[in-house]
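Sequences are here, hints too, so could you generate the full structure?
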Amino acid sequence: MARQSRTHAYRVPYWQRALQTWQRFHADRRGAVALIFALTSVVLLGLVGGGIDYSRIAYRRSQLQSAVDNATLAAGNALKLAPSNSTAVASIVQRIIIENAPSPPDRPLTVQVSVTSDKTGVSASATDNLKLTFGAFVGVKVVPITARSTATVMGKMRLCLLTLDPAATGSLHLEKNANLSATSCSLYANSKDAKAIQGDDNAIAKADRICSVGGSSTARANFAPPVTTGCPAINDPLASIVTAPPPGGCVTVSSAAGPGPGKGPGGPAAGNVAVTASTTLDPGTYCGGLHITGTAKVTLNPGVYIIKDGPLIVDQQASMSGQNVGFYFMGDAAGLRFDANTTISLSAPVSGPLAGFLMTEQPSVSAPVPPPPGPKGSPPP
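The sequence shown finishes on residue 1334 if you use our numbering, and the numbering steps up by one all the way, no holes.
The set of hints was computed from the structure by calculation and includes no laboratory data.
Backbone N, C-alpha and C define an ideal beta-carbon position, used for all residues, glycine too.
There may be inaccurate statements among the hints.
[To be verified] Simulated pairs of lysine to any residue, SDA-like, Cα-Cα distance not exceeding 20 Å:
#1 1072 / 1104
#2 1129 / 1292
#3 1159 / 1136
#4 1148 / 1118
#5 1072 / 1105
#6 1145 / 1183
#7 1148 / 1116
#8 1084 / 1056
#9 1094 / 1005
#10 1072 / 1189
#11 1148 / 1126
#12 1148 / 1114
#13 1159 / 1138
#14 1072 / 1101
#15 1072 / 1084
#16 1148 / 1168
#17 1145 / 1179
#18 1145 / 1104
[Claimed, not checked] FRET-style restraints, in silico, Cβ to Cβ:
#19 1061 / 1255: 41 to 47 Å
#20 1235 / 1119: 35 to 41 Å
#21 1134 / 1298: 15 to 21 Å
Structure (structure tokens):
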């Protein structure tokens, strides 16, 4: 009789099956490294990207704050001047902030400026919506950065005139019945010379205060109040405000202009623009100077007029007028002379590089050449 064999099923314990599964997974390394590396890369990318964006945010915040601080300090200095204009001061603040913390065209700064009604303080803020390089990983694409600053003018003295030469004799000198009236402001000389302020020939000066770092000589003049000597020197309040406009190509004028009348009496050196008939001039660079003469009536369009390597002279019965115009003098020979019978009517710009300034000179001029004398050989007024 044949024997029947019986096979009994063998069940592997649960713990043993789990151990075998782990051993197989542990032994098979084909995808584990790639998975771990991928996970680690995402974390590292987030950490590195976050660090880069944080550095950009910190740098931009510091840059903005420095620009706003410098702008309000410069505006505070401008407010020390008696004829300060709130609109011009606000324009100065905006320009300095934009120059010192530039942003791309697709991300312009938002600048807000407020000047107090009594012109003793200015506040400003600048906001930049900085685009993050890696912000998309955390759902933050843009971070607004804002910097604020306020400057307040201490004291109530306003300047109408400040001479900067620290050693000149007669840095402020009035003579020949000259009459200088500084309403509600001060006249100030930074020179330490014993005769820093001089008055001769019955000259008259009136101001809230007349102050000299050095001394004065005004016995033959009438200064009211008398000059206060030994005053502390004042830093140039405009040093950080004016931005030199870049010179362009030399302006040419139509038939109303021609070469200068030469080096004879009453005329600047040859090569300047000489206007002898009534006309309207545009802003630009006037190489060799600008001479308005005869009975010419010249109107200036708004903008900046660069007077380069020659003087600005208005003589005889000529007139010059313009609103929102500024003059920037470049070169040692870029002087100024308005003769007695001329008519001048000008107002300074309220925006742009010369906002608030009618006339200013290149700071690097070290050996200025006076403009030529008037028709009778008298020195320039």
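Verification of the hints:
1. 1072 / 1104: Answer holds: residue 1072 to residue 1104 is near 11 Å, not above 20 Å.
2. 1129 / 1292: The given pair, whose Cα atoms are some 15 Å apart, holds under the 20 Å limit.
3. 1159 / 1136: holds, 8 Å
4. 1148 / 1118: Between residue 1148 and residue 1118 the Cα gap is close to 13 Å, so the pair holds against 20 Å.
5. 1072 / 1105: Judged against 20 Å, a Cα distance of about 9 Å means the pair holds.
6. 1145 / 1183: holds, 8 Å
7. 1148 / 1116: Distance ~13 Å between residue 1148 and residue 1116 Cα, so the pair holds.
8. 1084 / 1056: Cα-Cα ~11 Å, so holds.
9. 1094 / 1005: It holds: about 14 Å lies between the C-alpha atoms, which stays within 20 Å.
10. 1072 / 1189: Given that 20 Å is the threshold and the Cα spacing comes to 19 Å, the pair holds.
11. 1148 / 1126: Given that 20 Å is the threshold and the Cα spacing comes to 9 Å, the pair holds.
12. 1148 / 1114: holds, 17 Å
13. 1159 / 1138: holds, 10 Å
14. 1072 / 1101: holds, 19 Å
15. 1072 / 1084: violated, 37 Å
16. 1148 / 1168: holds, 5 Å
17. 1145 / 1179: holds, 18 Å
18. 1145 / 1104: Not OK: residue 1145 and residue 1104 at ~30 Å, beyond 20 Å, violated.
19. 1061 / 1255: 41 to 47 Å: Between residue 1061 and residue 1255, where Cβ atoms are some 24 Å apart, the hint is violated.
20. 1235 / 1119: 35 to 41 Å: holds, 39 Å
21. 1134 / 1298: 15 to 21 Å: holds, 18 Å
In this structure, the earlier hints numbered 15, 18 and 19 are contradicted, and the remaining ones agree with it.
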